[in-house]
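Trainee: One letter stands for each residue in the lines below.
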Amino acid sequence: GAVVSQHPSWVICKSGTSVKIECRSLDFQATTMFWYRQFPKQSLMLMATSNEGSKATYEQGVEKDKFLINHASLTLSTLTVTSAHPEDSSFYICSANDRRPPVSYEQYFGPGTRLTVT
Amino acid sequence: SQQGEEDPQALSIQEGENATMNCSYKTSINNLQWYRQNSGRGLVHLILIRSNEREKHSGRLRVTLDTSKKSSSLLITASRAADTASYFCATDVKGSNYKLTFGKGTLLTVNP
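Going down the list, the protein sequences come from chains A and B. Position 62, counted from 1, in the first sequence is what our numbering calls 62; the numbers after and before it change by one each time, with no gaps. Take the position in the second sequence, starting the count at 1, then add 1000; the result is the number in our numbering.
Calculated from the structure, these hints are not laboratory results. Hints are not guaranteed to be accurate.
[Said to hold, decoys possible] Covered by chain B, per the in silico footprint, the following chain A stretches (three or more residues, Cβ under 8 Å):
id : stretch
1  : 43-51
2  : 85-98
3  : 106-115
From the three backbone atoms N, C-alpha and C, an ideal C-beta is built for every residue, glycine too.
Turn these sequences into a full structure, and let the hints steer you where they fit.
Mentor: Below is the structure:
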């Protein structure tokens, strides 16, 4: 149980275009989803927290107009990288958990999406 | 800034040996979690230890938590080549609304 999927697993796009990444909880309802980015050989950096039906909360230094997050349902959150540039190339990982009682602290992670901007 | 700092940054051992990784953090936590990541893949949750717990076991894994020293350790016993991966500690900081802050990770290589 507690499976999170991401689509696509990898994507190559041209500079200036937008890319949408989907994060789905397959067998549970995710009230909260988190988006991270990870550069090669580095740790995960939290970009934003999204709660179903409300606006995402972005971490300091993350441009909300560049990284659009939508969490329209309890099983789907999307991250859109707008006007992508080569410096946006990274590994993007989502995680999800269910905040309804009984609350579980565990976050379930997706397999990640490798974005390469040329 | 990073909440957790793991050491060592890299560890290379022979199959069958034990591997110990340490994690230090700076502020009060609700819990601390350890994750494994194979190269280019997502994260696999290994174990969660709550702030009022001192030790937890899961199979070949043993995690300790010392809140007075703000540190945790992950011990993998009888290591296997398949344990080769990066290991991260992540802290659920009090008052952070369940956000996880990850350490820099330890790259473990288990040689056959």
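Trainee: Taking the hints in turn, state whether each one holds.
Mentor: Hints, one by one, checked against the model:
no.: 1; hint: 43-51; in the structure: holds (count 5)
no.: 2; hint: 85-98; in the structure: holds (count 4)
no.: 3; hint: 106-115; in the structure: holds (count 8)
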